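Q: Given next are the chains, with one letter for each unit.
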Amino acid sequence: MILLRLISWQYVRKHLLRSLLTIAGIVLGVAVFVGMHTANQSVLTAFTNTVDRIAGATQLQITAGEAGFAEEILERVQAAPEVRVAVPVIEAVATPETRAKGNLLILAVDMTGDRSLREYALEDGDDSFIEDPLVFLAQPDSIMITREFAAENGLRANDALTLRSMDGPKRFVVRGIMKSSGLTSAFGGNLAIMDVYAAQKVFGRGRRFDRIDLAVQEGLRPEEVGKRLEQMLGAGYQVESPSSRGKQFESLSSVYGMLANITSLFALFIGMFIIYNSFAIAVTQRRSEIGILRALGATRGQIQVLFLAESAVGGLIGAGLGAGLGVLIARGMAGSLGNLLGEIYGVAQKAEEVSSDPRLLAGAVALGLVTSLVAAWIPARNAARVDPVQALQKGKFQLLTAGENRTRRVLAFVFLALVALSLVYGEGRLIFYGGYFLSIFAGVLLVPTLGLWLARGLRPLLKAIRPVEGALAADSLIQSPRRTSGAVAALALSVSLIVALGGMTQAAYASIEEWLRIALNPDMYLSPSQNLTDRSFRFPAAFAEEVVKLPGVRRTQLVRTVRVPVDGEPVMVVSLEVASIRKEVRLPVVSGDGDRMYGEAAAGRGVIVSDNFALQHRRKAGEMLRLNTPEGPLELPILGTVVDYSDQKGSILLDRTVYQKYWKDDSVNVVRMYLEEGVTVAQMRDRVAAQVGDRYKYFVFTNEDLRSYILKITDQWFGLTYIQIAVAVLVSILGIVNTLTVSITDRRRELGVLQAVGGLRMQIRGTIWLEAVTIGAIGLVLGWVFGAVALYYALETSARDLSGMRLEYTYPFRMALVLIPVILGSSFLSALGPAETAVRGSLVEALEYE
Amino acid sequence: MSKWVWLLAAGVLWGPDAFGQDARQIVEESQRRHRSQSQQYEGVLEVYDAKGGKNEKRWQYARTGSYGQSKSVLRFVAPPLVKGVALLVHNHPDRASDQWMWTPELNRDRRIALQDRSTRFFGTDFSFEDLEERDVEQSDYRLLGEQVVGGQACYQVEAVPRKTRVSQYARTVIWVRKDILLPVQFEMYVKTELVKRMVHRRVEQVQGVWSTLELEMQDLKKKTRTVLKTEKLKYNVTLPEERFTLQALRRGE
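If you read the protein sequences in the order shown, they are chains A and B.
Using this note's numbering, the first residue of the first sequence is number 1, and each one after it goes up by one.
Using this note's numbering, the first residue of the second sequence is number 851, and each one after it goes up by one.
Among the hints, erroneous ones may be present.
As the list claims (entries may be wrong) - Taking lysine-lysine and the PhoX-like style, the derived pairs with C-alpha atoms no more than 20 angstroms apart in a straight line are: (1) A:Lys179 with B:Lys1072; (2) A:Lys620 with A:Lys201; (3) B:Lys1072 with B:Lys1041; (4) B:Lys901 with A:Lys179; (5) B:Lys1073 with B:Lys904; (6) A:Lys170 with A:Lys201.
Keep in mind that the hints were calculated from the coordinates and are not lab data.
As the structure is a computational prediction, the values presented were derived from the model and not from experiment.
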């Protein structure tokens, strides 16, 4: 502690800017980690809070995936002796025509019994304020809203509230206003209660419920009752606690969580090099100080601890600042992330408040601390090994010994050999990712050697550009590879990340666009909702039957999508008319016989699964797939795998007849329409309106609309990768600034001598600028090479663990070229400050330095 | 133990003090005396909130069959927003009744689950359970003593539901007029707390049967009350069995 105060603190004070830059890497890494995870956590918390608050005293919930089930199930559940109370629920998101923006979460319940589970604290504290509970039940237009929603929209009891329903805009009457309570704060207060039987009509549910909420008899354990109910109802029904819905959402959005982890860990990894670089320089600069300490009796252990303690303090400060910054970042992005996840997964939540999890913050601070300690470990060890006699001699402090370099190269080649082996035997996750990390380590170990070669190679070019400044800049890099290798490594890693992300994005877009071209080829679509991933609204079968018969329609395909649990994870089942689809769409076959698989699937003798489902669930063509349906288990062979991006978690395509038979559900999410020659979308829009427009609410999407919609969501998703790219660039720029600052401090005497012998300020500036641009160029070239490897691993990671998308390897040359001005420009900009410091310092002090 | 419907439906008329101290005998005799094959009336329901605000509804009531096996239909006729809403109750001697509600605007019926019967009957101070008839066998009785209520000497009888019976009430204390064996006051307890009180205000003879024509149910926790007035009460009218079916309910009969 005394050493920290007397020695380290003095050093930090003297090199404040560099110290700040050193911890900046940790700040950014931790900030990204905390920001992205806190935003994700806030979305999850918002969803879980909505579920919890709506659940009330509910102990168990019965669902059949998203498909819902027939009303009769309710009576069976209510008759079970273990069940104290069981009530039907329909949950949907509707768009109100109110002055305040935002959707309304509709919780539709049977008010005759629901109070046993949920407390509806009403304004006026009395039932009579639901103007009349009997009227509420008797009139299908009754709705009860929260005080917050009422205040926001200036609504009072008996006012009209218009919601979009299956029958078009529907006028509801506010027949109750709930006081603020746990329930009313669900979905950010945008909650409305209505009668479940009225909701069946409004949301096109037929005689079905979405789920049953229940409480068990006193003294019984909900888990045991749940098992008994599952046995009673059959495997197609899931009986789970309300909290498990949060887990399902977490599982759905796990891809995002993983992306956040990769980004932040990468930022920390790059930050680690900055710290390593700074400490390595500090150790070299403070050799004489270390020598004195050792001469005065300090042990090697004390010296090592001193440097590690410095690193720990820096890491803690950086991590603390990073955590704070992360929370601010999360505030900025939670709302939009919530919308994005809502659009992708069709899950209702409203992330308005950012919830900072103390465990996450503590974990992030620990991560920052550990990163800092790991980065400083080698420099600290080197400091401890300093020989006091040599340390007190001046000069020769930047040399990287030939032996040290050879060891690194040997180690790098051993790693590369292991990487090659891992690629051959890389089926297992551990071996694959082990190979990934070894390839990074190998690259990092080779940075000093490769950097040196490149610097030597660039020397003639630099000399040709500016004979004096160019030669000085190149020599500085050649003579002090250790000083620059950290910055070059950080920059190379950043560039490699950018190349990998850019390549993956490019490949994903190419694949999605190809899929859109093949799979989404109808002329127009009819959807009951403006949001195509929202499955709250459905068309009844009667609607589809009428549309099918319209003149000018060449072919229609009815699609019903629904998530059902497979291997404990919600997976999208896409039920469609396979025979009809077969005539218009041929999804690229990954495995299986195309003709046979479509033929068999059309006959209901099997399912076709998407390639990403097969990869994520480790399934192959020919295997049996078991789906638990409300009618019991359905076992069908996997006839083949195709490229289908209907859902990030994979999709199971089966014939509509099979779905109707086993799920007892004939509703429709989307009607795909192919028009006869000469019939335009506008004409057909009019015909649909004339036929069903007065009775049903629907949205018409043209082929172009749908493509734009999907590409918009894809853009939003990949917008996250731009955050990663920005972080990578920022961290690497910090690395260059740090390196140059160190370099200038390190070379004050040299630069002083240059000025003393007549060197112009402009020449000094030019030297530093060229040095910075050269570091940038070396980092860029190495980054391009590392990026080629990283792209391979990124595509494999995507296929294996992210989305299951098997993407084609295409090196993003355009992006690589774009990086030239970005990185060289950033390098130049980062040199401006240090260059000014170099020329404006006192010449006398510079010559006295050391 | 049945509550107001039990009493109204029966048109209670108990004889003079002929049963000594046997509480069960008192109840049994009450039921026996007030048994009728059918009944119908028009009811006026006045619900008063804690601030004194009043909400009024009217309904028509019909019952066929006697204790524990009766079927009844209650159909609202006013105000217009609830007109046509109906409740069909099938009572059973050995188990809780089956109840269905019909909502004409939705054009559908819904079953009122057994578990829901402790909830309030459409915002009144009665619960769905209060609409049920219970057989005398479903409770144990104890004579607590005698008291004067409303100027009339009464037996004070405690009814505790048997374990086989599902009830929201832990016990009910009933005051039965000694002269006509007519219950004139009920107090219902949840656990040990007194939650409701029902007082029979107007008692008259109709077709020779002592009947309660006005009663008040008080919710002592919410400080609300509901007054039920009975008009055009008739006993032993001819009511076809088909009128008490789900199909008839849906047809609005």
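Q: Each hint: holds or not?
A: Structure-based check of all given hints:
1. A:Lys179 with B:Lys1072: holds (17 angstroms)
2. A:Lys620 with A:Lys201: violated (41 angstroms)
3. B:Lys1072 with B:Lys1041: Holds, at roughly 17 angstroms.
4. B:Lys901 with A:Lys179: Given that 20 angstroms is the threshold and the Cα spacing comes to 18 angstroms, the pair holds.
5. B:Lys1073 with B:Lys904: holds (13 angstroms)
6. A:Lys170 with A:Lys201: holds (11 angstroms)
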